[in-house]
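Chains as they are written, first to last, in our numbering: chain R, 1 to 202; chain Z, 1 to 202.
It is possible that some hints are incorrect.
[As the list claims (entries may be wrong)] Pairs of lysine-lysine, DSSO-like flavour, derived with a Cα cap of 30 Å:
#1 Lys60/R to Lys10/R
#2 Lys65/R to Lys60/Z
#3 Lys65/Z to Lys10/Z
#4 Lys10/Z to Lys65/R
#5 Lys10/R to Lys65/R
#6 Lys10/Z to Lys60/R
#7 Lys60/Z to Lys10/Z
Because the hints were derived from the structure by calculation, they are not lab data.
2 protein chains.
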Amino acid sequence: MSAQRMPQLKQQRSIDTREAILSGAARVFSRVTYAEARYRDVAAESGASEGALYFHFRSKADLAKAILSAQQERMTAVLLDTEAEDGSGLEILLRVMANLGSLIADDEIVQAGIQLAGQPSSEVTAEASEPYLEWVRIARSLVARGVADQSIRVDVDVDLYAELFNTVFVGSQVLSGLEDHWTSLPRRIQRLTPALEAILAA
Amino acid sequence: MSAQRMPQLKQQRSIDTREAILSGAARVFSRVTYAEARYRDVAAESGASEGALYFHFRSKADLAKAILSAQQERMTAVLLDTEAEDGSGLEILLRVMANLGSLIADDEIVQAGIQLAGQPSSEVTAEASEPYLEWVRIARSLVARGVADQSIRVDVDVDLYAELFNTVFVGSQVLSGLEDHWTSLPRRIQRLTPALEAILAA
Numbered sequence: 001m002s003a004q005r006m007p008q009l010k011q012q013r014s015i016d017t018r019e020a021i022l023s024g025a026a027r028v029f030s031r032v033t034y035a036e037a038r039y040r041d042v043a044a045e046s047g048a049s050e051g052a053l054y055f056h057f058r059s060k061a062d063l064a065k066a067i068l069s070a071q072q073e074r075m076t077a078v079l080l081d082t083e084a085e086d087g088s089g090l091e092i093l094l095r096v097m098a099n100l101g102s103l104i105a106d107d108e109i110v111q112a113g114i115q116l117a118g119q120p121s122s123e124v125t126a127e128a129s130e131p132y133l134e135w136v137r138i139a140r141s142l143v144a145r146g147v148a149d150q151s152i153r154v155d156v157d158v159d160l161y162a163e164l165f166n167t168v169f170v171g172s173q174v175l176s177g178l179e180d181h182w183t184s185l186p187r188r189i190q191r192l193t194p195a196l197e198a199i200l201a202a
Numbered sequence: 001m002s003a004q005r006m007p008q009l010k011q012q013r014s015i016d017t018r019e020a021i022l023s024g025a026a027r028v029f030s031r032v033t034y035a036e037a038r039y040r041d042v043a044a045e046s047g048a049s050e051g052a053l054y055f056h057f058r059s060k061a062d063l064a065k066a067i068l069s070a071q072q073e074r075m076t077a078v079l080l081d082t083e084a085e086d087g088s089g090l091e092i093l094l095r096v097m098a099n100l101g102s103l104i105a106d107d108e109i110v111q112a113g114i115q116l117a118g119q120p121s122s123e124v125t126a127e128a129s130e131p132y133l134e135w136v137r138i139a140r141s142l143v144a145r146g147v148a149d150q151s152i153r154v155d156v157d158v159d160l161y162a163e164l165f166n167t168v169f170v171g172s173q174v175l176s177g178l179e180d181h182w183t184s185l186p187r188r189i190q191r192l193t194p195a196l197e198a199i200l201a202a
């Protein structure tokens, strides 16, 4: 092995360790509240030493913030990727909701972020409502696009229907979270989609 | 004062103390998570002695369960009272949502119950999804009544629109909770009502 490759390998190992710690923290934050979660449980859950954990995250609050920001990145990536696809405004709007639903059902970091965001106390919840604001902005732009390309009825109130969509999405997320830790979210969204389509379609 | 009135007065004082403790506990559970809430903070917040607190509630879990069951009673009372009023199925359905929204915006016990219900851990959350199930059942019966009395379009899928209503209600509740501790909930519901009416009206 050449001397040059060593730093790269070390760097990759550090990235892998960080990922493992975030996954472990996500599982801990999914089981218990922020206040109950213990720094050393995260070490145990992720298989990292407490030294390595401390090297990457100085405190439990740092860990929670890293999870919330990873959640936001992943949700925003799905929103923006789907928004950039081909399709009518209506199709993309419904696809955004379906794709976000699948992300939430499958991704433990996103799930942990949702749990953290809903807790009344803690040092971390101020920044937690960001993804919802992003979603409202994009829903509004997609409803407007659908009105422009005539996939959505021209008489709908864009702001109102963007809010309705946002509300339906959040409600589905919360109910499936209570029901079965988000397993049913894609199915719930799929079930409601024809009704939303009927409400909006031109 | 006659000897007969003494037990009644004592009983009333005991009821008042219990109410004061529940209110104090509600304020504590609204500020911090279940895990962070301390039994002695509830005593301080409610102005009760720790002895009186212990007489009424043996543990923090007992307190939380009492709040969840008071929340359920109050929500169910609003649901049933509104369901029994005069009006078409559609009118009552929309009124149920408005009345529940006002209850949540105004009642600190109900607010604390919602907060407790959303927390991932704790000994108390198993019984917390009850009010939502009650709401789905009543929404379904009101949609069916609206179809029967022709205030709601006969071609709607009763189960699907009951679920849509439930989802919109829960989503509004969660978003207003994040935004401003439910102050905006009645306004949000009022804003969405014409859209829901347009979707359902015969």
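Hint check:
For the hint linking Lys60/R to Lys10/R, the alpha-carbon distance of about 25 Å falls within 30 Å, and the restraint holds. The straight-line distance between the Cα atoms of Lys65/R and Lys60/Z is roughly 29 Å, inside the 30 Å bound, and the hint therefore holds. Restraint check: the Cα-Cα separation between Lys65/Z and Lys10/Z comes to about 25 Å, which is no more than 30 Å; the hinted pair holds. For the hint pairing Lys10/Z with Lys65/R, the CA-to-CA distance comes to about 51 Å; that exceeds 30 Å, so the pair is violated.
Using a Cα cut-off of 30 Å, the hinted pair Lys10/R and Lys65/R holds, with the two alpha carbons roughly 25 Å apart. About 48 Å separates the Cα atoms of Lys10/Z and Lys60/R, which puts this hinted pair outside 30 Å; it is violated. Taking the CA atoms of Lys60/Z and Lys10/Z, the gap is near 25 Å; set against the 30 Å cutoff, the hint holds.
Comparing the model with each numbered hint stated earlier shows that hints 4 and 6 do not hold.
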